[in-house]
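A.B. asks: The primary structure of each chain is shown beneath.
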Amino acid sequence: MKRIQIQFFDDFEETISTNSQASRFSLTVTGLINMLKILCSILFSAINKKNISTNRQNLTGTLTSLPSLPTLPFDLIPEILSRLPVKQLLQLRCVCKSWKSLISDPKFAKKHLALSSTYNLHGLDNHCFPKRVLKSYSLNSSVSIAQIDLPSKGYVLFLGSCNGILCLAEEGGGDLFLVRLWNTSIRKFKELPPIRKPIVERYHLGMSGFGHDPISDIYKVVVVLLAFDNIHNTGNYFSENEVKVHTLGTDSWKSVSMFPFAGVFVQKLGQYASGKINWLVSQISCKVNVLLLLLIWGMSLIKRFCYLMILVR
Amino acid sequence: MAEEKSQASSSKMLTLKASDGVLFEVELNIAKEMKTVQAYIDDCEDIETIPIPNVLGKHLAIVIEYIKKTNEEYDAEFEKQWNMDDLQLLLLAANYLNISGLQECLCKAIAKRIENKSPEYVRKVFNIENDHSPEEEAKLRKEYKWAFEGVDKD
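Which chain is which? The protein sequence lines are A and B, in order. Taking this note's numbering as reference, the numbering of the first sequence is continuous, increasing by one, and the terminal residue is 313. Taking this note's numbering as reference, the numbering of the second sequence is continuous, increasing by one, and the terminal residue is 1154.
Source of the hints: derived by calculation from the structure; they are not laboratory data. Among these hints, one or two may not hold up.
[What the hints assert, rightly or not] Heads up, simulated DSS-like pairs for lysine-lysine below, C-alpha to C-alpha not over 27 Å straight-line:
no., chain 1, residue 1, chain 2, residue 2
1, B, Lys-1069, A, Lys-100
2, B, Lys-1153, B, Lys-1139
3, B, Lys-1139, A, Lys-107
4, A, Lys-97, B, Lys-1117
[Unchecked claim] Here chain A is said to cover these stretches of chain B; the calculated rule only asks that three of the stretch's residues, wherever they fall, bring their Cβ under 8 Å from a Cβ of chain A:
no., stretch
5, 1027-1041
6, 1128-1138
Yeah, the Cβ is synthetic: ideal placement off N, Cα and C, and Gly gets one too.
Please model the entire structure based on the sequences and the hints provided.
C.D. replies: Okay, here's the thing in structure tokens:
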């Protein structure tokens, strides 16, 4: 038989004998229940904040550190908050000043993004004259979860999306394209510098992409301005082109080297994957025996071209 | 006699002493899941009784049982038994003992219970005092007015 001594107060001591079959002390069910009964009865009153003042004065050193109401240390709060939806986090900025700083901190946003598994669908409705509307849908319902009127006059296009941020462009009239980043979770947009067309009538927005460069930890937008080609006269043929890249935080668009040869883009919006934006294009040979080459262009966001060629006959 | 026999068996036993003096005898591999205890063992190899001054016997018992039984099914049912205060005390224990699996399970559980609740409710849960001035709070609410719609009643 073994005895467990449980010391609560200096003037209160209780011993319990365990009727254990095993000769060494082990956590038998009966022993556990007995202990829990005594612990619970005392802790229950502590948790219910009853005044046990006279007894409290006689507490042993270990028990004076016992909180009657738990107060979590601040470094555990992000672990909990990063699991809440953004809409609620916007409200919880009101809780107190330190929570407001935490929720507004970009490091917290990254942590929240890493844990996020919500995917939404967004659609542009350019025909709700005179408005342009952005509609958002969750993947398991056809009812829109949000509808926002865009502050746009011209036709609005998607340039790309990444981490819940949409990149939109509109014809700004004249030789400008206006570009905006739209954060769908907090419903706020950011104006980017406009893109100037090289020659007004001839160029239009062809391929584009928006992504996050993991190496420099910056978002970048890339657009390929295409010249209308009179010979082929198809909207998606490119030979002459200008490629422009904007790095978030700068105030301009940089021109980078052109796509090396002419082709037809199969897909306008680039697919962002692992720090690279990829477009599917095809090059149609002018020879009689047409060889269809499917080229996957990878344009690294650090402005280098590299490509993978897949021959399809 | 039986004591010596069992100690000679393959798994070594360790005694953990909770803040209220309750003793728990656990197998070494269970104790090692608590990184704080592991560090203690690394420092003093011959130790047999390890003091856990920040955790009550009641909570240490729950923690030990979690380590023994944890799997997807158990975790899903685990959090349902405890009230919010207990969840937080268990999180404090898991944090002190440095058990990452239990910490994650408890953080998820606490987040689930406060999801879609108002700032007032959340303040009560975590015992936080609002140090915003009324003007500051009004400004914060106005900035994202749409976010304050559709909240669960407290």
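A.B. asks: Okay, which hints does this one fail, numbers in order?
C.D. replies: 1, 5
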